[in-house]
Amino acid sequence: MRHDVARKRRPAFTHLIWWFLFAQGGIIAAILIPVHVLVQGILGPLHIVPVVDRHYDTWIRFLGNPIVKLYLLVLVAAPFFHFAHRLRYLLVDLGVPAARTLPAQAVFYGGAVVITGVTFWVLLTTAPLSFG
Amino acid sequence: METVTSDVVKEPPGSAEAASAGSAPRVYKPEMPLGWWLRQRHYFLYIVREFTALPLALWLLWLLFEIQRASTGPKGYYPPESAAFVVFSVIVLGFALYHSYTFLSLAGVIINIKLLDKPIPSRVIVLSQFAAWFVASVVIAAVLIGFAR
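First to last, the protein sequences are chains A and B.
Each residue of the first sequence is one higher than the one before, counting from 21 in this note's numbering.
Each residue of the second sequence is one higher than the one before, counting from 1361 in this note's numbering.
Derived by calculation from the structure, the hints in this document are not laboratory data.
Glycine included, each C-beta is placed from N, C-alpha and C at the ideal position.
One or more of the hints may lead you astray.
These stretches of chain A come out as covered by chain B in the derived footprint (C-beta under 8 Å, 3 or more residues) [what the hints assert, rightly or not]: (1) 31 to 37; (2) 93 to 104; (3) 119 to 130.
Below, simulated DMTMM-like cross-link-like pairs (lysine to aspartate or glutamate); rule was C-alpha separation at most 20 Å, straight line [as the list claims (entries may be wrong)]: (4) A:K89 x B:E1391; (5) A:K89 x A:D77; (6) B:K1435 x A:D77; (7) B:K1389 x A:D77.
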């Protein structure tokens, strides 16, 4: 019993890291995503306003900007650490205790890491860097 | 956010008498009925809040795909036009707004700042979060529209 108590008092550093990423991803998703969905997903396709991704030339020039690349990396990758945490616990709440296990953690948080890598690669290879 | 209860809980000593000496301790596994979250409005809204992650994730994956498609060159690129995509975005926008509302409202509970030894009221903190959301939205919309032709 004494051994159990000592083990429980150890700070949960990994949990702290995932919790921090969960909070940061959540705030980024809350502040940035709705306007992208509204402008790029609704107003643009309905031709209500001109949007940068409606034409190849404006979109590729936009994607070449290093500040835009950095912004898009944060916009796309960071929320996935939030989503991973939420969806894992959603499964637990809906009666899937296996979502608590280490393999499940590897799948969900590993998935967020993979998406970060893919986003990095897509942003580096899609449009050549331009400072104009 | 999520419960911190263990899914394996030992029974209290009094009730352990039924277990014979030497056998493994009996475990209590709390079981929730599958539809527990449909019983109360608060449970339902909690599950909806957690579920917002899925449509938002799908929309961001679409955005990543949209970025990647720009590498196909001017002839292969065509902007999203379909009614199905607009309907999908309208549904996602509903979930996105609910995520923003619930997450930014939480800041009033989490953030605790003192100014001149007086705690800043949580209403002010929540208002500042919503103001930041508004300003960021206006700036991003201006950039997405301003760089178009």
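Status of the hints after comparison with the structure:
1. With 0 residues bearing a CB less than 8 Å from a CB of chain B, the segment 31 to 37 of chain A misses the requirement of three and the coverage assertion fails.
2. Look at the segment 93 to 104 of chain A against chain B: 6 of its residues bring a Cβ nearer than 8 Å to a Cβ of that chain, three or more, so the hint holds.
3. Coverage of the segment 119 to 130 of chain A by chain B is violated [criterion: at least 3 residues with CB-CB distance below 8 Å; count 1].
4. As the CA atoms of A:K89 and B:E1391 are separated by approximately 47 Å, the hinted pair breaks the 20 Å bound.
5. Taken as a hint, the A:K89 and A:D77 pair is honoured in the structure, with Cα atoms around 16 Å apart against an allowance of 20 Å.
6. With a C-alpha separation of about 11 Å, the suggested pairing of B:K1435 with A:D77 holds against the 20 Å cut-off.
7. Proximity of B:K1389 to A:D77 is assessed by CA-CA distance (about 59 Å); at most 20 Å being required, the pair is judged violated.
Of the numbered hints stated above, those contradicted by the structure are hints 1, 3, 4, 7, listed in ascending order.
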